[in-house]
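Let the hints inform the model, and build the full structure from the sequences given.
Residue numbers (numbering that gives the first Met the number 0), protein chains in the order written: chain X, 0 to 249; chain H, 0 to 249.
Worth flagging that the hints you see were computed from the coordinates, not collected in a lab.
One or more of the hints may lead you astray.
Covered stretches of chain X, as calculated for chain H (at least 3 residues, CB under 8 Å) [what the hints assert, rightly or not]:
# : segment
1 : 87-94
2 : 108-120
3 : 124-130
4 : 151-159
Ideal Cβ placement from N, Cα and C applies to all residues, glycine included.
Spelled out from the first residue to the last, the chains are:
There are 2 protein chains.
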Amino acid sequence: MSLRNSAQLDCFTSSLSINAHGGTMAQDMTLLWGSGSCPCWRVMIALEEKGLQGYNQKLLSFDKKEHKSEEVLDINPRGQLPSFKHGHVVVNESYAACFYLESKFKVQGSKLTPDDPADQALMYQRMFEGTSFYDKLNAFIYYNWFVPEEERHDSALKRNREVLVTELKLWEGYLQKLGTNSHLAGPSFSLADVTVFPTVATLFRFGLSAERYPNLGKYYAMLTERPSIKATWPPHWLENPKGQNTLKDI
Amino acid sequence: MSLRNSAQLDCFTSSLSINAHGGTMAQDMTLLWGSGSCPCWRVMIALEEKGLQGYNQKLLSFDKKEHKSEEVLDINPRGQLPSFKHGHVVVNESYAACFYLESKFKVQGSKLTPDDPADQALMYQRMFEGTSFYDKLNAFIYYNWFVPEEERHDSALKRNREVLVTELKLWEGYLQKLGTNSHLAGPSFSLADVTVFPTVATLFRFGLSAERYPNLGKYYAMLTERPSIKATWPPHWLENPKGQNTLKDI
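Right, here's the structure in full:
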């Protein structure tokens, strides 16, 4: 068998296997993504939850600045990942892509939005608090990456750390109030989990203590068992399971 | 007539007038807000568009730190404005409140979400690009407010300015592509306008030139005529119509 045929066979086998799992071959979708990027991960979880598989996808390297390549800029003038396209529809902002997929594939795969507007309210509230959570995490763990050396201040880093601790206590409290085995916006997995779980996983990747934050720890452990999360785990975390210790004492 | 009776009469007249305009008396809603705050303004526009009037509302002062008062903290543990409550439902994040109101009052007042998922995609995309737009505007015009004196750098302010200019060019291009009299996500007013218009208005309040940014200028002028925008115009902008010149040369 030629290499070419072998590749075709792999593709065919893979397609069969996906169909056997009840998914849809989403060949009219393209996702350009980076490993460990929370925004990319959100979209990948949403795609999995909606049973959308076999989409065209390409893992790009932030280190090599591939997010500024022509390939990305063609879809996303901001030169950011994710860049996501479905047919002629372009939705690059991760929250936008999640809302779009939930609306377009409402009755396919997991139902990610509760019916009752009061339940939706909590989901929306946590989703948008989630953007603060993500920003505050980044402002601390990536401080040196975001701030040029000559503009860095210990006072700023210290403040960013305190802001993150305050934020962590809020989420720890939210989960405690909802009780054991709860998701972020109630008993069911929802868009709040799709969008905020990657932030929580990043916290633990950077050494957050599940003893100090037991409710976040339990939530994290529960969600790591979910098929959509397993299927989309950042490949470079799989290759190198030991993360950083940045948040060990926080 | 006693002062008390006069106040009661005003209230009664106001209620009659609201009903005559086809609105709903939203007496089970409470909004705590600050004048000129884009997040607060978003929620107020959404309420107007949905014909929700007569809600309990209180204008608080950021300068007096009233957003950290018990009254706010009772609804919003973050001590931020807006703080919004509908019956027992609390939705403080402005985007969350807009989504909630649109879902809860789907068939009341303006329809703020297009039916077609492809049209929705553009609306979602612009809404979430809108959060970057807002952050970039703030990082420039409120630099001295956000950054303690001893941590300020001309290089950072210069960079924030450049980032804002790049962002402005993107939006100018989006509007140009959509053509005359278009809204942010197509021919109809949508949640994209509800959430991003306050940012655009703030740009012009801070002196942005409609000659340099003609498409943003036209969009701004068109929307200032919309009843929901007129009804919710920041009161301290009305009192003092002359804004700042910060963005004059940008």
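Within the assertion that chain H covers the segment 151-159 of chain X, do at least three residues meet a Cβ-to-Cβ distance smaller than 8 Å? holds (count 3)
Given as covered by chain H, does the segment 124-130 of chain X meet the bar of three residues or more with CB within less than 8 Å? Check passed, 5 qualifying residues.
Apply the coverage criterion to the segment 87-94 of chain X and chain H: a residue qualifies when its Cβ sits closer than 8 Å to a Cβ of the chain, and three qualifying residues are needed. holds (count 8)
Confirm or reject the coverage of the segment 108-120 of chain X by chain H under the rule of 3 or more residues with a beta carbon closer than 8 Å to the chain's beta carbons. Our answer is that it holds, as 4 residues pass the Cβ test (under 8 Å) against chain H, meeting three.
In the structure shown, no violation is registered for any of the earlier numbered hints.
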